[in-house]
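Residue strings, one per chain:
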Amino acid sequence: MAFIQVENLEKIYLTGELKTEVLKNINFSIEKGEFVAIMGPSGSGKSTLLHILGFLDKPSKGKYLFEGKTINEYTDDELAKIRNSRMGFVFQSFNLLSRTSVLDNARLPLAYSSIKEELWNKIALKAIDEVGLSHRQEYRPSQLSGGEQQRAAIARALVVNPGVIFADEPTGNLDSKTGLQIINILKKLNQEKGHTIILITHEQEVADFAQRIIRLRDGEIESDKKI
Amino acid sequence: MNLKYSLKTSFEALRANKSRSVLTILGIVIGITAIILIMSIGQGGQDLILSQIQGMGATTLAVQPGREPKGFSDMASLFSDSLKEKDYLALKKKSNVPSVVEVMPEVITSATLSFEGETKQVSVIGASEVLAEILNIYPSEGSFFTEEDIIARNSVVVIGSEVREDLFGFSEAVGQKIRIKNRDFRVVGVFPQKGQVSMFNMDSMAVVPHTTAQKYLTGTNYYNEIILKAVSEAAVPQAVREIEATLRESHNITDPSKDDFQIHTQADLVERVSTITNILTALLLSIATISLIVGGIGIMNIMLVSVTERTREIGLRKAVGATQKDILTQFLLESVLLTGIGGVIGIIAGAILAFLISLILSQVLKLNWAFSFPVSAAIAGLLVAGLVGLIFGIYPAKKAAAKDPIEALRYE
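Chains R and Y, in that order, are what the protein sequence lines are. The numbers in the numbering used here rise by one with no breaks, and the one at position 212 of the first sequence is 212. The numbers in the numbering used here rise by one with no breaks, and the one at position 65 of the second sequence is 65.
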């Protein structure tokens, strides 16, 4: 049983009369512990694919099995619960809550989990330590550099010890040196902690950190290669 | 999601926009302040009037001349001379009204009292010695005039403490002669300071025998009122029937709808006063409600702005596992918290204002006014405030909960 499996996945957007096929005929499976980069030019459908994999969007046709179960079997609240307990998200624009500290941001997913509140701080501080941001835990996002903000976002993804981390162009807003630091953190999490990482990028040197690169073009898989 | 965390998040969100939050709840604060003020003053006013009525005791009845007015222009009903001496004498006969123990006619006028150049305008009540018993107030200096004084139409007067002070200062009052309407009246008694009792301000009035009042002061042969006391509270309805029968006979009335007198019991009065104050309170409350509705619309408006501003936050929360219900709860909690805070401030402000007003009424206007802060008003105020938050918060909260996470995350 594959960790993530998609079969004949399609996504069609209807805007009035206009029918846009964003994704078509997508087939692949990802095993636990893989580090996969999804590449492709703008409009190739890579973001939509990541959203579907992360339960933020639903496919129009085809099957998506997460841990062996098709996602149609879940209600919206169950999907939210899985998203909360097994998935972590890292975004290009960090998406930190500006009015609270790094610690509060890292604790955010725990607020929606069944984990007891007494443990929140301990768990969040451990995750912050893991991304090397302990000295900034009381800072607000606006007081941090871009790289530090993205590290805080990774800490937020880590608190629920997710099976998979989805990263949507995590280095897109960073200079190349900082970007490499972020990628190295993700790489380390993949190798040392066994988190499955699925990441979108259009930078080849970022994709080179992955074990496998899926290339999309016009909504279809162009190539799917292990490195 | 646990409530403690939601509350903390809501507080943070409100604190992040301090001045906006404060301005938004102003409408609610004013509305709740008004409600508390109205309910407190209404209660105080009602208490005051009721205590005055009840000062006469539950067994007291009053017969007034004239019939129930048939409309606003039916002024004739108010000026009537239908209660005369023969009625008083008929009511005094024990066999006519076995349920009545005391009968006292009353003549009410106003006059200027003067003593050695000092003058004072007061209400002069023509009554009998029964007055002291009915109002439960007895002279602290001298004594009340007697039945002999009434029969002989003697010019004697019992005065209130304020009258005594104004006319005599610290010198002896009892035995002195004061002038009322060009006639010398001998002061036989002085009431202790008592303030308002029933309809009378005991401190600034003068009581003379009703016979004397009719002859020398008003020149009339009718009474303004006849006061009676029933044997017990339970006997009041029976007393009313006996009085009705006696007066109809005395006035040759066979058709009860042509009655030229009205009998008021304390229960009647209490009910009337309660009805009037309740209507007034309801009227004022409905005006205060308008302020709450306006305030509620303000809350809804600002919550809609807040939902739009925080679109990305909503998207993020959904991405990390918040359900629609979690988002709905959070925004609803925020608006309820906002109006709840407004409610608490309003309750405090209302209580302070009501206290200041009662202070003015009792200290400056010398009314026997007690500050009352009905707990029911505070609870009602808080509930109403919360309800406004709930009602006007539900639409923005639903809008927030329904946001598509992808759209929300992309929102700039």
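None of these hints come from the bench; they were simulated from the model. Being a predicted model, the structure only gives us computed values, none of them experimental. Honestly, I wouldn't trust all of these hints.
Stated by the list, open to error - Derived CB-CB ranges, DEER-like:
| hint | chain 1 | residue 1 | chain 2 | residue 2 | range |
| --- | --- | --- | --- | --- | --- |
| 1 | Y | 348 | R | 121 | 50 to 58 Å |
| 2 | R | 20 | Y | 305 | 30 to 38 Å |
| 3 | Y | 4 | R | 73 | 30 to 38 Å |
Where a beta carbon is used, it is the ideal one built from N, C-alpha and C, also for glycine.
To see whether the hints hold, each was checked on the structure:
no.: 1; hint: Y/348 <-> R/121: 50 to 58 Å; in the structure: violated, 35 Å
no.: 2; hint: R/20 <-> Y/305: 30 to 38 Å; in the structure: holds, 33 Å
no.: 3; hint: Y/4 <-> R/73: 30 to 38 Å; in the structure: holds, 33 Å
The structure is inconsistent with hint 1 alone, although it conforms to all the rest.
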